[in-house]
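Colleague: Line order of the protein sequences matches chains Z and E. Note that the first sequence ends on residue 428 in this note's numbering; no numbers are left out. Note that the second sequence ends on residue 428 in this note's numbering; no numbers are left out.
If you are wondering where the hints come from, they were derived from the structure by calculation, not from laboratory data. Zero decoy hints are in this set.
Copies of the same chain are indistinguishable here, so a pair counts whether it falls within one copy or spans any two.
Think about it this way: if two alpha-carbon atoms lie no more than 25 Å apart in a straight line, the pair counts; the simulated DMTMM-like pairs of lysine to aspartate or glutamate are: (1) K271 <-> E254; (2) K334 <-> E350; (3) K333 <-> D301; (4) K271 <-> E396; (5) K334 <-> E357; (6) K333 <-> E396; (7) K334 <-> E396; (8) K134 <-> E254; (9) K167 <-> E194; (10) K288 <-> E274; (11) K349 <-> E359; (12) K416 <-> D426; (13) K287 <-> D301.
Here the structure is a predicted model, which is why all the values come from computation and not from measurement.
The lines below spell out each chain.
Number of protein chains: 2
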Amino acid sequence: MADDNNLPAVIIHRLSDFQHPLPWPKHTIFNPIESSDPLYPVHRASARVLIVIPPSPLKAEHLDQYPSVECVVGTSAGVDHIDLAECRARNIRVTGAGSAFAEDGADYAIGLLLDVLRRVSAAHRFVRAGLWPVKDHFPLGNKLGEKRVGIVGLGNIGTLVAKRLEPFGCTIAYTSRNKKPQIPYAYYPTVLDLATNSDSLIICCALSNKTRHIINRDVLTALGKKGVIVNIGRGALVDEKELVKFLVEGELGGAGLDVFENEPEVPKELYMLDNVVLSPHRAVATPESFNNVMEVVIANITAFFLNKPLLSEIDLNDWC
Amino acid sequence: MADDNNLPAVIIHRLSDFQHPLPWPKHTIFNPIESSDPLYPVHRASARVLIVIPPSPLKAEHLDQYPSVECVVGTSAGVDHIDLAECRARNIRVTGAGSAFAEDGADYAIGLLLDVLRRVSAAHRFVRAGLWPVKDHFPLGNKLGEKRVGIVGLGNIGTLVAKRLEPFGCTIAYTSRNKKPQIPYAYYPTVLDLATNSDSLIICCALSNKTRHIINRDVLTALGKKGVIVNIGRGALVDEKELVKFLVEGELGGAGLDVFENEPEVPKELYMLDNVVLSPHRAVATPESFNNVMEVVIANITAFFLNKPLLSEIDLNDWC
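Bound conformation, chain Z alone (with noise of 0.2 Å):
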């Protein structure tokens, strides 16, 4: 047990449904106290730093559940999961998982947007049918480069996505909340001006209240009968009602899906369209990016107990 060596417990929160073993390195001093530990009641009441496993929901009720709790530690690129206000409210810090999954995420991107411009997804499936000695006119997809991409948020995944975008030859342009200095892509103050000028947007920005459904109607009318969307955001950051219906309509060129607003479930109306490409909510998950994760996190709780800066902290006050 972890308070064998009079060490500080670090408890674990996490829905029931979700109980994979956490990656936990071997050689750590901090042991996590899961719900199974006998002693979980006791940690419960006095643990400082509560490991968050999403898509477990922490809100206030959940909160009430550790009163001791300093720091919240996330294992995730997006902590929409995780009440921010109420933490704010109780002097509670929050960690994300910085850019440890920022890398996976970038080229799940590139793969999707691959995907549905060239058909590959589509392709596999002509061939596994047995069409192509039949029915040899399997339509063309289209050229990625001098396509205009737009990224919705240009934070450690969006970074990283144009930088992967640049030898393709595209036209690179972001949207966020301010223009970043030093960046040499075009910068939109807003989503609809992003999309009037893309032919592609890409979505990895976080989700919030402020960010909700920011894909919307307007947003896929200018994008047009052409125009592809990338999700590896949140399922929630496009009006996915609004989206199924362009796409079965034919008033947007395709999409690839990872993330959903229900997850997991999917719009039926999209499994037959061959120019979706849906996933289950993979595009960071990789065996590589656990480890990384995981060292972020670790990190993170070391650098709590030591009064050290935070190795990436959330600034509540952006957020909430």
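Chain E: place on chain Z using the hints.
Modeller: Frame of chain Z; chain E shown alone:
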């Protein structure tokens, strides 16, 4: 007709199965003559330039039908359908598509690599089969970054594949006939050496008698159980029978295959493998690329008639 104004005739050679019209630009003085033209037999005897539509073979018996041809203009990235030795023996020059298809080919190679490693097509099948709500544990893919990617053939396409891989954080190496000057990637003199030092191989070299089955049993063994093969070159670069055996027996990590030894036949054993992405020879095919290649074709024809250097002439001494 092309010779209405006494312009030199340009004639087309193609299999009767491949009757897609050439996307020939309107404003060009050359008007290629199809076999449906009543004057085709006349032009066949006198035409000095022959456009070949792949995969129509152009062998000695075909060349006999075009006794005046001095220049064969290819419209594809690979020219393995043209008997280059026979062309050399008859003093016929040959041009290829040069770099017209290179960007699309490189894009598609990255798309296939990401798809296999990150399991994009497999994810799509998982969601479409309605398994996500039921069976949450979709197996994770692997990160592209930090992997060693070996490029077989650092020509027009291979060079662009490498450029695209750089921001993903891969270690890039290559093999080719000769070490290229001023290239920052590690060079291995043989495919076997390259495979021994790579996690994934991307095959984008030309098919010739020297490269047939360069990906053989030894190379696959060297690549190993987690190794991934992407082939956008030609099917016969790989010993397909061995490749299928390795994949079926789990002795190779996965494959993204746009080309096959006996197209359009695809080994049925590959249909159901979740770690294999199949594609009907579409890596270099987009409307944008077809426009590019038409420009190259016209530039070569123009150069030929003006006695200027051909734009993308194939060095037959290098090939035969």
